[in-house]
Amino acid sequence: MVRANNSELSFLLLLSLKLCFPCSLLFIGRPQLWTCQLRHATFGISFVLCVSCILVKTMVMLAVFAASKPGGGATLKWFGAAQQRGTVLVLTSIQAAICTVWLVSSSLTPRKNSKYHNDKIVYECVVGSVVSFAVLLGYIGLLAFLSFLMAFLARNLPDNFNEAKLITFSMLIFCAVWVAFVPAYVNSPGKYADAVEVFAILASSFGLLLALFGPKCYIILLKPERNTKKEIMGRGTTTS
Numbered sequence: 001m002v003r004a005n006n007s008e009l010s011f012l013l014l015l016s017l018k019l020c021f022p023c024s025l026l027f028i029g030r031p032q033l034w035t036c037q038l039r040h041a042t043f044g045i046s047f048v049l050c051v052s053c054i055l056v057k058t059m060v061m062l063a064v065f066a067a068s069k070p071g072g073g074a075t076l077k078w079f080g081a082a083q084q085r086g087t088v089l090v091l092t093s094i095q096a097a098i099c100t101v102w103l104v105s106s107s108l109t110p111r112k113n114s115k116y117h118n119d120k121i122v123y124e125c126v127v128g129s130v131v132s133f134a135v136l137l138g139y140i141g142l143l144a145f146l147s148f149l150m151a152f153l154a155r156n157l158p159d160n161f162n163e164a165k166l167i168t169f170s171m172l173i174f175c176a177v178w179v180a181f182v183p184a185y186v187n188s189p190g191k192y193a194d195a196v197e198v199f200a201i202l203a204s205s206f207g208l209l210l211a212l213f214g215p216k217c218y219i220i221l222l223k224p225e226r227n228t229k230k231e232i233m234g235r236g237t238t239t240s
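Under the numbering used here, read the sequence shown as residues 1 to 240, first letter to last.
Read the hints as simulated data drawn from the structure, not as lab findings. Check the hints yourself; a few may be wrong.
To be verified - Computed cross-link-like contacts, DSSO-like style, restricted to lysine-lysine with a CA-CA straight-line distance of at most 30 Å: (1) K223 / K18; (2) K120 / K18; (3) K112 / K191; (4) K191 / K120; (5) K18 / K191; (6) K115 / K191; (7) K18 / K216; (8) K165 / K112; (9) K165 / K223.
Unchecked claim - Pairwise CB distance ranges (calculated): (10) A82 / K191: 38 to 48 Å; (11) F145 / F206: 19 to 29 Å; (12) G214 / G80: 38 to 48 Å; (13) G29 / C217: 26 to 36 Å; (14) P110 / Q83: 40 to 50 Å.
Ideal placement from N, C-alpha and C gives every residue a C-beta, glycine not left out.
Between the sequences and the hints, there should be enough to build the whole structure, so can you do that?
Below, the structure written as structure tokens:
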């Protein structure tokens with residue numbers, strides 16, 4: 001099953017999810033200069049790496065089934081291992097460039113804010129450029145939408161274990177979390193905005209992890225008889 005579902009991209013996807021979880025720690029605790037500068041950059045690059053892997057996996061899936069049709073063999077030459085790695089690298093580099101411009105053009109430093117409470121001073125990180133933050137989130141949303149759209153188109157492909165269905169479900173969870181995040185973040189003052197962002201990071205990361213790898217772990221650990229080439233390709237008899 002690991003080989004059938006593009007093992008290299010699956011391992012890279014797991015690595016990116018491992019990066020997504022600890023980046024939430026940068027939002028916890030007393031704001032420091034380095035945490036203020038790294039928190040959104042780390043979050044943005046980690047999630048783009050994750051969603052890029054999902055997008056490329058979906059593109060490869062569509063290309064493989066397109067190549068199985070008469071005259072479609074030329075499609076696969078554009079989706080080799082080098083092209084897959086290159087696509088993920090380019091998509092992630094665009095987000096890295098957005099984060100670099102944001103860090104250079106804005107002053108992401110801690111500040112003392114007393115406008116939320118008259119009797120309290122809230123120590124928080126300055127977001128800097130709201131436009132840059134919107135571009136960062138918008139780029140993640142664009143890749144997630146493309147992944148969802150392509151996975152939705154591939155959901156009925158003739159495969160006994162069609163990963164496109166899992167990708168479609170995982171992208172629904174991911175998009176739902178971040179669509180709900182935007183109004184909650186805008187209406188949350190000070191430290192509560194950080195709490196909302198931490199919740200969105202953890203909820204979307206857990207959603208992707210469980211939706212994409214939960215069914216695989218179930219079959220590998222509890223139904224090993226279904227973890228065969230014949231079963232995955234739909235030529236075997238499914239056992240219950």
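We went through each hint and held it up to the structure:
1. Annotation: proposed proximity of K223 to K18 holds, straight-line Cα distance about 26 Å (limit 30 Å).
2. As the CA atoms of K120 and K18 are separated by approximately 36 Å, the hinted pair breaks the 30 Å bound.
3. Between K112 and K191 the CA atoms are separated by roughly 12 Å; this keeps the pair inside 30 Å, and the hint holds.
4. A threshold of 30 Å between alpha carbons decides the hint, and for K191 with K120 the separation of about 12 Å falls inside it, so the pair holds.
5. Proposed proximity of K18 and K191 is supported: the alpha carbons are some 25 Å apart, at most 30 Å.
6. Taken as a hint, the K115 and K191 pair is honoured in the structure, with Cα atoms around 13 Å apart against an allowance of 30 Å.
7. For the hint linking K18 to K216, the alpha-carbon distance of about 18 Å falls within 30 Å, and the restraint holds.
8. Between K165 and K112, the direct Cα distance comes to roughly 47 Å. Violation of the 30 Å bound is thereby established for this hinted pair.
9. Proximity of K165 to K223 is assessed by CA-CA distance (about 19 Å); at most 30 Å being required, the pair is judged to hold.
10. The given range of 38 to 48 Å is respected by A82 and K191, whose C-beta atoms sit roughly 45 Å from each other.
11. Distance hint check: the CB atoms of F145 and F206 are about 21 Å apart, consistent with the given range 19 to 29 Å.
12. Separated by about 29 Å at the C-beta atoms, G214 and G80 break the suggested range of 38 to 48 Å.
13. Roughly 33 Å separates the CB atoms of G29 and C217, a value that falls within the hinted 26 to 36 Å.
14. At about 43 Å, the CB distance of P110 to Q83 agrees with the hint of 40 to 50 Å.
In summary, the structure is inconsistent with hints 2, 8, 12 from the numbered list given earlier, while agreeing with the others.
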